[in-house]
Amino acid sequence: MTGAAKVLTGGCLCGALRYEARGEPVNAGYCCCGDCRRASGSGFIPFMGFASADLTVTGQTRQFRSPAARGGEAVRNFCPTCGGLVFGGVVGESESHTVYAGSLDDPSAFRPTMAIFNRQRPDWVVLPEGLAVFEALPGQG
Amino acid sequence: MTATRKAACCCGACSITTEGEPILNGVCHCDNCRRRTGSAFGWSAYFPDDRIVAREGELSVYVLDPADPERAQRYFCPRCGTTLYWKSGAFPDNTGVAAGCFSGEPLAEPGLSASDDKRQPWVVVPESWGRMT
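Chains U and G supply the protein sequences, listed in that same order. Residue 139 in this note's numbering is what sits at position 137 of the first sequence, and the numbering runs on without skipping anything. Residue 76 in this note's numbering is what sits at position 74 of the second sequence, and the numbering runs on without skipping anything.
Rather than coming from a laboratory, the hints here were simulated on the basis of the structure. Treat the hints with care, since some could be wrong.
[Claimed, not checked] Have a look at the derived ranges for each label pair, beta carbon to beta carbon: (1) U/Ala6 to G/Asp33: 20 to 28 Å; (2) U/Glu95 to G/Gly22: 21 to 29 Å; (3) G/Ala110 to U/Gly25: 36 to 44 Å; (4) U/Gly17 to G/Ala92: 20 to 28 Å; (5) G/Arg73 to U/Gln62: 23 to 31 Å; (6) U/Ala70 to G/Arg133: 44 to 52 Å; (7) G/Arg73 to U/Thr60: 40 to 48 Å; (8) G/Gly22 to U/Lys8: 46 to 54 Å.
[Stated by the list, open to error] Just a sample of chain U residues kept apart from chain G, beta carbon distances all over 10 Å, derived: (9) Val9; (10) Arg24; (11) Gly25; (12) Gly45; (13) Gly51; (14) Ser54; (15) Ala55; (16) Gly74; (17) Thr83; (18) Asp125; (19) Ala134; (20) Gly141; (21) Gln142.
In this text the structure is predicted, and so the values were computed from the model without any measurement. C-beta: ideal position from N, C-alpha, C; glycine also.
Next up, chain U with everything else stripped away, as it sits in the complex:
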């Protein structure tokens, strides 16, 4: 091996909820689903997927559960102090987590490769060139 493994760090607005993600994300992209748009109050959420073994979270989280597109529940974790949205999944239970890239200490390190739920993308959200675009989830159109 040469060099150190890639480590991405980030956290909420006030800094009480922090994480460290190791290695390359298993996926990265724009999610334009209605839930992401409303949770963030923005046009989409940029996401990165990590295996739970590659993510370490410190600080208190509060969880919000909503119906997931794949069935079951989607869980969002936010900071109870500042409300910053940080990641999805349940620490200690989920096999993988979705980290919201806006929470990165260095967001320029984010490299989106796909856009999901493109059918719900607002017209004014312009996708970067070169993304694989899915109207819903990969495998669903």
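Assemble the complex: chain U is given as a structure, and chain G must be docked to it using the hints.
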């Protein structure tokens, strides 16, 4: 006819209702908006305080700078985490609403890219928009 619009958090426990059109409708790429949303930018629509016609639900407040509380106060739903609206010292008689939370009568699309110097290399905004640093 004057448009009345309701913005609600993700879980629907909290809402704010506005009347008329925003005085400012844009996205902001600053670190603060980015961390608050987990997104690339915040989408803000500012309305004069007297055009806020209803508020429902109990919101938590986060004061950005305790030494200067008037600078920015963020109101978020303690149940789902959505920051629904805020007050900013830059717009003292106005309320900023998280515009992605509006439903029903569509709000015009944003036309301004604020803190554009902080825009991430992977974010594209329409050519027609104004830019502000």
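Subject >> Which numbered hints fail >> reply: Numbers 2, 6, 7, 12, 17, 18 - these are the hints that the structure violates, sorted from lowest upward.
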